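Kindly produce the complete structure, drawing on both the sequences and the hints.
There are 2 protein chains.
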Amino acid sequence: MEDKFRCNCPITSAIDVIGDKWSLVIIKQMLTEEKKTFKDFMESEEAIATNILSSRLKMLEEFKLIIKGKLPENKKTNIYTLTEKGIALTPIIVELLIWSDNNLREFHSDLYAGEQLEMVKSDKEKFTKHIIENYKKNNGLQHAI
Amino acid sequence: MEDKFRCNCPITSAIDVIGDKWSLVIIKQMLTEEKKTFKDFMESEEAIATNILSSRLKMLEEFKLIIKGKLPENKKTNIYTLTEKGIALTPIIVELLIWSDNNLREFHSDLYAGEQLEMVKSDKEKFTKHIIENYKKNNGLQHAI
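Which chain is which? The protein sequence lines are A and B, in order. Count the first sequence with my numbering and you get residues 316 to 460, in order. Count the second sequence with my numbering and you get residues 316 to 460, in order.
Everything labelled a hint here was simulated from the structure, so no lab data went into it. The structure presented is a predicted model; accordingly, all values stated were derived computationally and were not measured. A hint or two may mislead.
Any copy, or any two copies together, can satisfy a pair, since identical chains are not distinguished.
Said to hold, decoys possible - In silico BS3-like cross-links for lysine-lysine, where the CA-CA straight-line distance does not exceed 30 Å:
(1) K400 - K439
(2) K436 - K319
(3) K444 - K373
(4) K385 - K451
(5) K351 - K383
(6) K400 - K379
(7) K385 - K350
(8) K385 - K444
(9) K439 - K379
(10) K336 - K350
(11) K319 - K373
(12) K351 - K379
(13) K436 - K452
(14) K436 - K336
Below is the structure:
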């Protein structure tokens, strides 16, 4: 894995892992849209291609940001769950949301606008905590995985 | 510019603009390493290729994250300065730093470790503000650009 990194800078190294067009989109879909299966990701509005999705899920597993498992009632379908390392990306995703809302509207007139965005901006710590707690509750994660 | 965006999700749209291997690295170099010129970026330890650097700088200008200018004493060399939109990426960069320090050491044994990282983690708001103020002071930015 060491050869994945360009240098010793922690910021650049984070970008080496999640600085691409899809990794954080997949994490966001898991965290805030209840996506869990390959099919869920395929059907999302971002419309990721099959081969790219496979390669990104593999990479996210290698860096222990997600783990692959099965549901007891359905042994055929893989489900993906965020680990603590993956859940720890939540503050980055919240900052992307705030930056986007404040800075991209002039380039993207259809950007989602809603009351929730005002809530995020008025108390981002609380919103971040809420997302994390909600995800853990919905996925039965009482302990670190 | 609208065709750059995959959908209306603000998080995905932020990733459409800065979700690549280089954009945030260049912003980080400007913000924390006093890099300003094409030559400065070329000489950085991340060792970006000329053609990629040209294309990224152009894209960052199009989204008004940086502006190109000249120094009064040297009319030949372009210097790049972060705009308010670019400076507003600082909280994202700080969160990448914290996440990296907490989560990538097992994969990257040479990751930079220093006292500064403890300072960041003990008060990230203060550290973020310090970076922004320092950048503005060093670049004579008293007002929004």
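Now the hints, each set against the structure:
1. Within a single copy, K400 and K439 get their C-alpha atoms as close as 20 Å, and across copies as close as 19 Å, so both meet the 30 Å cut-off.
2. Taking the shortest alpha-carbon separations for K436 and K319, only the inter-copy value of 25 Å comes in at or below 30 Å, while the best intra-copy value is 35 Å.
3. Taking the shortest alpha-carbon separations for K444 and K373, only the intra-copy value of 27 Å comes in at or below 30 Å, while the best inter-copy value is 37 Å.
4. Taking CA atoms no more than 30 Å apart as the test, K385 paired with K451 passes inside one copy only; the shortest distance there is 17 Å, against 51 Å between copies.
5. With identical chains, the CA atoms of K351 and K383 are at most 30 Å apart within one copy only, with a shortest distance of 10 Å there and 44 Å across copies.
6. For the identical chains of this complex, K400 and K379 are intra-copy neighbours only, at 7 Å inside a copy versus 33 Å across copies, given an alpha-carbon limit of 30 Å.
7. Taking the shortest alpha-carbon separations for K385 and K350, only the intra-copy value of 14 Å comes in at or below 30 Å, while the best inter-copy value is 49 Å.
8. With identical chains, the CA atoms of K385 and K444 are at most 30 Å apart within one copy only, with a shortest distance of 27 Å there and 45 Å across copies.
9. Taking the shortest Cα distances, K439 and K379 sit within 30 Å of each other both inside one copy (26 Å) and across copies (25 Å).
10. Taking the closest pair of Cα atoms, K336 and K350 come within 30 Å of each other both inside a single copy (18 Å) and across two copies (25 Å).
11. In this homomeric assembly, K319 and K373 come within 30 Å of each other (Cα to Cα) both inside a single copy, at 14 Å, and across copies, at 26 Å.
12. For the identical chains of this complex, K351 and K379 are intra-copy neighbours only, at 16 Å inside a copy versus 36 Å across copies, given an alpha-carbon limit of 30 Å.
13. In this assembly of identical chains, K436 and K452 lie within 30 Å of each other by CA distance both inside one copy and across copies; the values are 24 Å within and 27 Å between.
14. Taking identical chains as interchangeable, the C-alpha atoms of K436 and K336 lie at most 30 Å apart whether they share a chain (25 Å) or sit on different chains (27 Å).
The structure is consistent with each of the numbered hints, conforming to all of them.
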